[in-house]
Structure formats: C-alpha cells, structure tokens
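**Student:** Given next are the chains, with one letter for each unit.
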Amino acid sequence: MMLAALSCLLGLCDTAEAEEPYSAASVEAVYLYRFGGYIEWPPEALAHPRFTIAVLGDDEVAEALSRVLSDRNIGGLPANVRRARNARDLGDAQMVYIGEGYRGDLHALISSLEHRPILVVTDEVNALGSGSMVNFVIAEGKVRFEVSLASATRAGLKISSQLLAVAVRVQTG
Amino acid sequence: MTASEQSTCGSLRPAAAALGLLLMTTPAFATDALSAAEGELESLSLEQLANVEITSVSKTAERLSRAPAAIYVITHDQIIRSGATTVAEALRLAPNLQVRRLTSSSYAVSARGFGGNQGDQNFANKLLVLIDGRSVYSPLFSGVYLDAQEVLLEDIDRIEVISGPGATLWGANAMNGVVNIITRASYLTTGTAVTAGAGNQEQTVGARYGRKVDDQTAFRVYGLGYRQDALELADGVGAHDAWWKAQGGFRMDWSRSDDSFTVQGDLYRGLEDQPGSANVHLTGANLLARWQHHTERSDTQLQGYFDDSQRGAPNGGTAFVLHTYDIELQQTLLAGSANRVVWGAGERLNSYRIANSASLLFVPPSRSLTLSNLFAQDTLTLGSLALTAGLKLEDDPYSGWTLQPDARLSWMMSESEQLWAAASRAIRAPTPFDRDVVEKVGGLTFLTGNAAFRPERVTAYELGYRALPSSRFSVSASVFYNHYDDLRTVDPASATVFLPLRWGNAMEGSTYGVETWADLQVLSWWRLTPGLRTLHKQLRFKPGAAGLLGTGQAGDDPTAQGFLTSSMDLPLRLTWDASIRYVNALPDPVAPGYYELDTRLGWRASPQLELALVGNDLLHARHAEYPSPDGEEIARSFLLQIRWVP
Chain A
1 MMLAALSCLL
11 GLCDTAEAEE
21 PYSAASVEAV
31 YLYRFGGYIE
41 WPPEALAHPR
51 FTIAVLGDDE
61 VAEALSRVLS
71 DRNIGGLPAN
81 VRRARNARDL
91 GDAQMVYIGE
101 GYRGDLHALI
111 SSLEHRPILV
121 VTDEVNALGS
131 GSMVNFVIAE
141 GKVRFEVSLA
151 SATRAGLKIS
161 SQLLAVAVRV
171 QTG
Chain B
1 MTASEQSTCG
11 SLRPAAAALG
21 LLLMTTPAFA
31 TDALSAAEGE
41 LESLSLEQLA
51 NVEITSVSKT
61 AERLSRAPAA
71 IYVITHDQII
81 RSGATTVAEA
91 LRLAPNLQVR
101 RLTSSSYAVS
111 ARGFGGNQGD
121 QNFANKLLVL
131 IDGRSVYSPL
141 FSGVYLDAQE
151 VLLEDIDRIE
161 VISGPGATLW
171 GANAMNGVVN
181 IITRASYLTT
191 GTAVTAGAGN
201 QEQTVGARYG
211 RKVDDQTAFR
221 VYGLGYRQDA
231 LELADGVGAH
241 DAWWKAQGGF
251 RMDWSRSDDS
261 FTVQGDLYRG
271 LEDQPGSANV
281 HLTGANLLAR
291 WQHHTERSDT
301 QLQGYFDDSQ
311 RGAPNGGTAF
321 VLHTYDIELQ
331 QTLLAGSANR
341 VVWGAGERLN
351 SYRIANSASL
361 LFVPPSRSLT
371 LSNLFAQDTL
381 TLGSLALTAG
391 LKLEDDPYSG
401 WTLQPDARLS
411 WMMSESEQLW
421 AAASRAIRAP
431 TPFDRDVVEK
441 VGGLTFLTGN
451 AAFRPERVTA
461 YELGYRALPS
471 SRFSVSASVF
481 YNHYDDLRTV
491 DPASATVFLP
501 LRWGNAMEGS
511 TYGVETWADL
521 QVLSWWRLTP
531 GLRTLHKQLR
541 FKPGAAGLLG
551 TGQAGDDPTA
561 QGFLTSSMDL
571 PLRLTWDASI
581 RYVNALPDPV
591 APGYYELDTR
601 LGWRASPQLE
611 LALVGNDLLH
621 ARHAEYPSPD
631 GEEIARSFLL
641 QIRWVP
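Residue numbers (our numbering), protein chains in the order written: chain A, 1 to 173; chain B, 1 to 646.
These are calculated hints, taken from the structure and not from any lab test. Just so it is clear, the structure is predicted and the values come from calculations on it, not from any experiment. Among the clues, some could well be false.
[Stated by the list, open to error] Straight-line alpha carbon distances no greater than 20 Å define the calculated EDC-like cross-link-like pairs of lysine to aspartate or glutamate that follow:
#1 Lys542(B) / Asp485(B)
#2 Lys542(B) / Glu596(B)
#3 Lys142(A) / Asp235(B)
#4 Lys142(A) / Asp273(B)
#5 Lys212(B) / Glu140(A)
#6 Lys142(A) / Glu53(B)
#7 Lys158(A) / Glu44(A)
#8 Lys142(A) / Glu40(B)
#9 Lys440(B) / Asp120(B)
#10 Lys142(A) / Asp77(B)
#11 Lys158(A) / Glu40(A)
#12 Lys158(A) / Asp92(A)
#13 Lys542(B) / Glu47(B)
#14 Lys158(A) / Glu53(B)
#15 Lys158(A) / Asp215(B)
#16 Lys212(B) / Asp259(B)
#17 Lys142(A) / Glu47(B)
The following block holds chain A by itself, in its conformation from the complex:
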C-alpha cells in the first residue's frame, strides 16, 4: 500500500494501471484472429462453410482462441478453432498455429503441406528457417512477429503491407 501511494506520488499510477500484463497465449490468440484481416487467400481456399484455424501443441492458445473467435468472421466465413495433433488432422484449415508443444519435426510438418494455401504461424526460434510464414518472437517483454514473404508467396498467400510494417523482420522472396 505504501508503494502504491509512493508510485502515485511519482505520477506512475496511470501507466501501472494501463499496462497490467497479459499472458503470451492470449496476446497470440488475438494476433491469430487479427492476421485474418491482413492476408488474402486464393478464392478456392475460402470455398468452405467455415474458416478454420488449426492449433497444434498449445492448449492455452487453443482455449484463448476459441473464446476470441466466438461469433467472429474471417474472410467472410464464420471462424472456428480445431485442435489438431498432426498434419492429417488439418483438414481444410486455412491457418495453422504450431505451438511449442508440438512434438513432431516442424520442418517435416510444414514440408508436408506442399505449398497448400495455409497460413503457417509458429512460436519457435528460427522457425522461418523451417518454412514458417509468421513466427512469434518475444522481445522486451512483448509478443512480436517475423514474416517470411517467400514462404507465404510460395503458398499463394498475399500479405498486406500493413502487417509487414508491424513485423520485426520480413524475409522477402
């Protein structure tokens, strides 16, 4: 309580209130939803009744995402989450998030997608080198992301320049 009073005297109460920390999983879940607005999928990828984000290897993100996506649309389709265990479970997902808990070989999993129009989002050091398109990185206590335009282009996805402007790094094609 003493510290609270002291920090207010120093004019720090407002910043302290406004920036109460969030969990990385909830920030990443919101990012995943927002990415949908900055990516252009080829029309055939959206010729499905739903927009599906498959989540592998991170239950916390999957839970947060299912709350975020309730009653939301992506690409004009009602959005939903699918928990997957491997490449065979991805079905017609338009986006896949591979968390740190995924037990298989990341490089092999992405390679098995064979350039299908699926946005691959990861959360691992050096994942762009394994073929990921958007990779979360934690820097200075914040969740940022890096983008491989080369990998996204090969899969037939267009990424808006607004998204690229926020990325910490963009690997061009």
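Chain B: place on chain A using the hints.
**Tutor:** Same frame as chain A, now just chain B:
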C-alpha cells in the same frame, strides 16, 4: 479467503492471495481474468498488440527441452530476474550444473562431477562451453576461462545446458556436458538499453544500441564493464583478487529470402589482482561469420571464426597468446518422411605461444595444432518412437582419430509424457598441459607432461522421463551411469624413481546419479522451480598404479545439491524472485555443505525504467564454495540495479 478476494481491488488480488495461500481456488479465477483481458486485447490494433506487455513467468523453451537428452534451458527472463551480473553466475540457474566460485574472477563449472581439484592441478575440464557456436574451451590447459568470456546478459536469448556426452554434434571435450550460450538476433534487440549496478561487492555498467537498417538488415553494438571486489578470507580481510573488465562488440544480421547471414565480434580487456604475484592481464578479440540456407528439404549452415586470446603476468610470469581459426559446415536433410539426417565437417587450427616462467614451462613453448572432425547422425521417426544414431570421427593432434558413437531412443508414451534412453561414448582430448608441461620447484623438475598421455574416455548410459501434464506443470528426471577409463593421474617417474612426477592414465571407475527438476506455475503470477541432482563416484586406480594423491584428485564433488526458486509477478509492477540452494559437503579436501539464499525485488517504475534490489548469499556473512589453500570465501552482497530503455 474468498471474502478477502472480493473486498480487494483487482490489482491487489495477487497479494491477498499470497497471504492466504489459495492453491485450490485459483485456477477458476485465473481463467475468468484471462477472458476479461482478451476482451480488452481484441479492441487493439496490430501496432498496439505489438506493444502489449506480457507476463514473463509463463514462457518456457519447451520444444528445446524435448530432445532425448538431459537438457535444461535457462531463459532470458530467468537470467534477468535472477539478478546475475555475469554468465558464470547465470549458470547457477541450471539444476544440472555444478558452479563454484574459486576466486573473485575464476569459477569451476562442471556437469556430472569432475569439478576439479585445484590442489592436485585437476581442473573442471569435461564440459564444453560455446557462445553463439564459438568454442571457448581452452585447448591449452583444458577447461574454460569464464572470466575471459562475457556476454551482455540483456542480449542472451537462452542458455542450453546439456548434461551427459554431446560429442556427436559438438565434438571433443563435450564429455560430461555442453553449455550453449545463444544471443538474440540483432533485429530483436533494437533500440537503446542501459543497465548499471552498484553494490558492496561489485559495480557494473552495460549499454546496447540496436537498429533495423531495413526490413532485412539489423545490427547492434554494445559495451560492458564491471569491477568485482576481492573475495574475503575467513577473518574478513580481502583476498587481494579484485578485478575489472571492459568489453565491447557488435552483431549484424541479414536475411535475404532463404538465406541469412550473421557477423559478430567482441573485444575485451581486463586486469586481475593476484595474491602474492604480479597482476594478470587479459585481452582478446573474436570475429565470427555464419551463413544459413534453407530449402524445403534441407538446412545448411557454414560458419567460421577467429579468436585471439591472451593472458599473462607481464614480468617473468607465465603468459600465453592463442589464436584459433575454425570453420564448420553442417547440413540437415529430410530424407523421405521418416528420416532426418544431420552431417557435418569441421577444421580448427590452434596456434599458441607460451612465455614460460621459471616454475611453469611448456616444452615446446609454441605449437600449431589442428583438430578435424566429420560426423553424421540420423533420426528415424516411426509413430511415437524416434531413434537417433550418430557417429563422430575426430582427429586430435595428440591421439589421432577417435570414434565417438551415440545412440538415443525417444518414446512419446502419450501426448504429455516422454521416455528416452541413450548410450554414448566421448573423450576429453589431451592438451599441451597434459603432454608438454614441465613444472619446477627451486630448479628441481617436479612434474612433467607425458608424451604417451591418452584421451580420458567415458561410456555413458542414460535414462530419462519427462512429463507435461498441463501447461502449468512440467517435470523432468534422468538417471545416468557413466563408466570412465584412462582418467588422468599423477604418477611417479618409474617403478624405481619417484621424481619427476608425470601425468598418467591410471584411474578408472564409474559414476551414477539422478538429475531432476520441475516447473510449477502455482498461480498465474507465481512460479516455483525446484531442482535436485545427486552424484556417486566409484573410482579406483588400475592394477599396478602407484595411486598417489588418491582418487580425490579426479575432482572434489558434492554428492548432492538442490535448489528451489520462487518467481512472483506482484501488483504495482513488482517482481520478486528468491532462490535457496543447498550444496552437500565436499569429500577431499573436506569442506562443509552450505545453504545460501539469493533474492531480487524488481520494480518497473515506468515502461522505460526498472529498478531492482538484489541480495546474494544472504544467509551467512561469508561462505566458501571450495576449500582453496588461501581460504577464500564469498561474502554476503547487495546490489542496486537500474535498467533504462529510453
């Protein structure tokens, strides 16, 4: 308890909870709090999302921790929140390492024992340390001069600590373990950060400036300096081993499509007081370049570095200049759907010149030694089973080609449980200290190197289990049984003549033990990490050996050590970390066991400014971590740290 929750405002709730210890009731309210938070998050733009502060206690490097080996990953946040000011102190965070401070500037770091026996001239020489892929294991005396190897802690991404042989991928001297210190790519360290610390035992300062040149290019430059006071003798008098160091460096990263390039380098200078002899000067520089190329089915890495390392007392004392040139190629190939092949080759040239003193000589005093290696490893994955088999061929300058095989089996018992087993062989290669050294006492030759000295060898068997029953709890346990042969001993000149003594390979035996640790997110803002390791050594002299100095010369190691660390994110932007550790008694030479407590209270006064108060080794006025002849002890210390990010 419920009443107290309801009556306090949101930001004070964790403090009330801490007082009440409400382990059972919390998960529910944590979930509710999360979804309320997400509501706010959803209204943010991408730019705003990128500036949202996240809790730091919840992120672990989980994927890295899943290799079929006893690997522990020290994260960036753990290092910062420990209050450590040097890499050596940060290594105390690994439950599978033994870290002891011998003097103000020197540490003995080891895995699975063999932490050295200073009096018998046996040093901690079975652990390999790499900084961004550059080996800092000294090829001269075998061991690591950690005082010459500093990294701006701000810029470290993680430290991977592998206990057990890592010879196949990392090469010789990764006999009992490997420490991999990995810094962040420069595009993740943009902006200015200034840190400073002042305390009763040390003063530190560090600054880094990083910038993105364009979307594909970024760089950083940094400088650091510190001064550490002398340790104390048992009566509180200074041990006359204070030292300072100044260091600067840079890193630059480019990425172009499927290629990325890194260039980095460091330059340092230091001066260390020595009790009873001339001061020791350290200087050094290194430059490393790395190219990585990615294709759909492969990853290729080519890396080269130059390292200049100099140390010595200027007038009449022993001094050395060491130049290392190293080039390595490594490639990962996906073969079919089930195989992953890693192969590589490397060549290293160590060129040194030693200025001999009257009592410590190397004959010859200069040499150029080449070290070549070739390795291949395949991982075959079949459902929940993964079998890794690897072989390394290494040509060291003294003992020629050695074969170091490694086999590992991993079984994912379920989504959250893994069982692994490994068998491997590794060596500690001979060095000039083993082969060329001549030590004199008053003109009399007392000890000499041995031209027939062979590598020290280990065959290691490991079994490990880890489980991640929820995102809030993980546990890892492994047992090992190591059989050693040709361990270094001090032998008489021959059966009939005692002096000069010489090095021999007359010891063998086995060690076994347990290494276990867990990570428990008790509450969303409170994490507990316990760690424990045990070690039992059964070493003996080979038949016919003289058995001088006893088997204790192979290392004076405790049979057990453990710690418990608590990390809390408190209201008012406070963080509080505390770690208590116990180290069992040392057998030979004898030293009592000890408990010690380190703690850090951090306050994020504003987004730009963090203040922290650190207390180290708080339980005793002084404690010794090794019974050195001079009787140096580590005093209780306090440090005020400031971190400013304008």
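**Student:** Work down the list of hints and note, for each, if the structure agrees.
**Tutor:** Verification of the supplied hints:
A hinted pair counts as satisfied when its Cα atoms are at most 20 Å apart, and Lys542(B) with Asp485(B) qualifies at roughly 9 Å. At most 20 Å may separate the alpha-carbon atoms for a hinted pair to count; Lys542(B) and Glu596(B) exceed this at roughly 39 Å. With a CA separation close to 48 Å, the supplied pair Lys142(A) and Asp235(B) exceeds the 20 Å bound. Simply put, Lys142(A) and Asp273(B) have alpha-carbon atoms about 42 Å apart, too far for the 20 Å limit, and the pair is violated.
A C-alpha spacing of about 15 Å is found between Lys212(B) and Glu140(A), which places the hinted pair at or below 20 Å, so the restraint holds. Between Lys142(A) and Glu53(B) the CA atoms are separated by roughly 5 Å; this keeps the pair inside 20 Å, and the hint holds. Simply put, Lys158(A) and Glu44(A) have alpha-carbon atoms about 14 Å apart, close enough for the 20 Å limit, and the pair holds. Only pairs whose Cα atoms come within 20 Å are accepted, and Lys142(A) paired with Glu40(B) is accepted, the gap being roughly 16 Å.
Proximity of Lys440(B) to Asp120(B) is assessed by CA-CA distance (about 15 Å); at most 20 Å being required, the pair is judged to hold. Proposed proximity of Lys142(A) and Asp77(B) is supported: the alpha carbons are some 12 Å apart, at most 20 Å. Distance hint between Lys158(A) and Glu40(A) is fulfilled; the C-alpha atoms sit about 5 Å from each other, no more than 20 Å. As the CA atoms of Lys158(A) and Asp92(A) are separated by approximately 18 Å, the hinted pair is consistent with the 20 Å bound.
The hinted pair formed by Lys542(B) and Glu47(B) fails the criterion: a straight-line CA distance of about 68 Å is larger than 20 Å. Our distance criterion of 20 Å between C-alpha atoms is broken by Lys158(A) and Glu53(B), whose separation comes to about 29 Å. Restraint check for Lys158(A) and Asp215(B): the C-alpha separation of about 17 Å stays at or below 20 Å, so the hint holds. Proposed proximity of Lys212(B) and Asp259(B) is supported: the alpha carbons are some 18 Å apart, at most 20 Å.
As the CA atoms of Lys142(A) and Glu47(B) are separated by approximately 11 Å, the hinted pair is consistent with the 20 Å bound.
Against the hints set out earlier in the document, violations occur for numbers 2, 3, 4, 13 and 14.
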